[in-house]
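S.K.: As a plain string of letters, each chain reads:
2 protein chains.
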Amino acid sequence: MEDHNSNSMMHNCKFEVPEIIFGRGMLNQVGPCARRLGGRKIFLVSDKGLFDAGWVDVAMRSLLEAGLEFIYYDNVTPNPKDHEVHDGFKEYISHGADVIVGLGGGSAMDAAKAIAILVANGGRIQDFEGHDKITRPLPPLVLCPTTCGTGSDVSQFAIINDTQRRCKITIMSRCVAPDISLTDPDTLATLPDEFVGTTATDALSHAMEAFFSVASTTLTDVHAIKALRLLTSSLSAAVHQRRPSDLENLSRASLHAGMAFSNSLLGIVHALAHPIGGLYDANHGSINAILLPEVIRYDIPVVTDKLQELAWGLGHRANGDISAAGEKIQETLDSLLEASGAPSSLRSIGVQRQDLPELARRALNDICIVTSPREADEGDLLRILERAY
Amino acid sequence: MEDHNSNSMMHNCKFEVPEIIFGRGMLNQVGPCARRLGGRKIFLVSDKGLFDAGWVDVAMRSLLEAGLEFIYYDNVTPNPKDHEVHDGFKEYISHGADVIVGLGGGSAMDAAKAIAILVANGGRIQDFEGHDKITRPLPPLVLCPTTCGTGSDVSQFAIINDTQRRCKITIMSRCVAPDISLTDPDTLATLPDEFVGTTATDALSHAMEAFFSVASTTLTDVHAIKALRLLTSSLSAAVHQRRPSDLENLSRASLHAGMAFSNSLLGIVHALAHPIGGLYDANHGSINAILLPEVIRYDIPVVTDKLQELAWGLGHRANGDISAAGEKIQETLDSLLEASGAPSSLRSIGVQRQDLPELARRALNDICIVTSPREADEGDLLRILERAY
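Residue numbers (numbering that gives the first Met the number 0), protein chains in the order written: chain U, 0 to 388; chain D, 0 to 388.
If you are wondering where the hints come from, they were derived from the structure by calculation, not from laboratory data.
Take every hint as true, because none was put in to throw you off.
Identical copies go unnamed one by one, so any copy, or any two together, can satisfy a pair.
Heads up, simulated DSBU-like pairs for lysine-lysine below, C-alpha to C-alpha not over 30 Å straight-line:
| id | residue 1 | residue 2 |
| --- | --- | --- |
| 1 | Lys-89 | Lys-47 |
| 2 | Lys-40 | Lys-132 |
| 3 | Lys-40 | Lys-13 |
| 4 | Lys-132 | Lys-89 |
| 5 | Lys-89 | Lys-40 |
All chains, please: the whole structure from these sequences, using the hints.
M.R.: Here you go:
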């Protein structure tokens, strides 16, 4: 039995997750959840795609059946923008809402979080960039993910696009974790094929970066490994056959990965993905998929004491051979990325080569770089970008 | 790769854990924690052994340095009694305390929880026996475990001895989970050898029963398996050599097991251990150690679809052979129990043979039996008791 990690991870840790509800058909519990948090007039944040797919209707009916009023807000786009958040804030105030429900992918949920920040603290959303800038507690939040990647429903992060600076700002605070994370995996049934793959690669990046983070502990490692196992068993089948049980496993993988990274934080993949997403408004999961193999290659020399634990978690009988463990991990990663159908170069998603130095510079200021297992300067980050180009 | 459980555990689930802080030397954070929860006058529940070992002093100094007053209450004995809880409640009220800190094993922490129940709800502690009988939220609670078994610091349970009926009452409610679980594994350094072994067998029972519970999910399984792995790697060394890193692993195992069972609940071991503990005031970990092999033997025929997942978690390359997986689990269990030094018969801890039928009858009414993977009537329970006698 290999339990390398139990002795290597001796430092102090904190672990926090919201109340979690998970299960097929559970979206009809959003009303009772919002009511239990003291809500009377709910601010429901979602998007047009989910409205057309019928899921917003399920949530609305549940709210009504729980005797609650609601205001529906769907002015949210992928990579949610500062002005969408400010408009939502004004709507919330003008209607006197009291509880926020976010239903959707990372965009709707992060917009819901950002609106909650402004409701409690005023100001501009840019004022809260960085670590622990929020001083007053948010109104109650229920977040219902409908993709298999973001982890926003459990995380202490919110990512918003600053449209003037054309960059993503990362807000990190325990306050932005919701009160309740409510996942109904049935909602994946209407998620387009392409987004099943790209959001699952986001969960893959969360799990990998969380596992190798300098802030990882046994409390986060068990969830990171479980996420990777679920992805390994179900990603390919979910993308190609869309069986409900495989889609549920992807939902579950996203939840486990979210529980891991919210507490152990991330690394270079996300530190680079945020400025790229800010500059190009590109799909976050696709960016991660492109960067992940290069960053893992960069990290591996300094995380050798954790390779066997992970290889073992992925079903490999490691027997103390570290390089075999590293190969097993790379293989698993490659086959998952292939199964996801995600793109494999920055060029293919429209990144301009001349922007790479600026992207490397911006990544140095992203909070995610703090927990990277291997330090990186601007030159290191630029080399990773060039390899992924 | 075997991931049997991911497909067999498809039902809806809830998962809740308090904020967790874990690390050597962290007991000096109890003051800032109590302060953050709004405390000014802290009701500190502990016991004489911990006072003599110096740990109460560490907590007191931390409270004072955080600018907090405190009232110290140590009228708590193993298997905490109803009258100790009622006396503590009166002390709390007469001093106008506002936050409760429980420092100790399951006894001090369960007493702290029970005092908190009475502070908020009045009445007798017996009024809250069973599931969800608490109507008003408790004052803020910080629980600091100093053994490696109870899991009370994360759990939704409190167990109190009804001295008139000579039975343990089980109180189960989300309200009794604390606000903060704060573990300082250094406190194990002063725990007598005997209690290292017996409280670790309590964690062992929690992990095993949680894993096989009908309410288990992937969210609880990962923690149950991690607890078992940590026990396997460190129990024997912790008991015999008392290395700090092994003791820390036992602390960590207890925390993982607590996160599992608080959400998946338990089974026949605990359903039987509660009436035995109530009737004989015997050590809870020892009772569990005696019952566990018999209960696992009873359960195994109905949990075959989970055996390989667990055997794999314990380092066994299962290859689809269910009976080999079962053997691996029994072997691991036997060697852990042997390493713990726990007793192996009910007779040896003073249980009277003529009481067995009454104990079986009482176990049928314990809430823990509800999640047993295999149903059991009075005759089944009596047979388990007789085999363990």
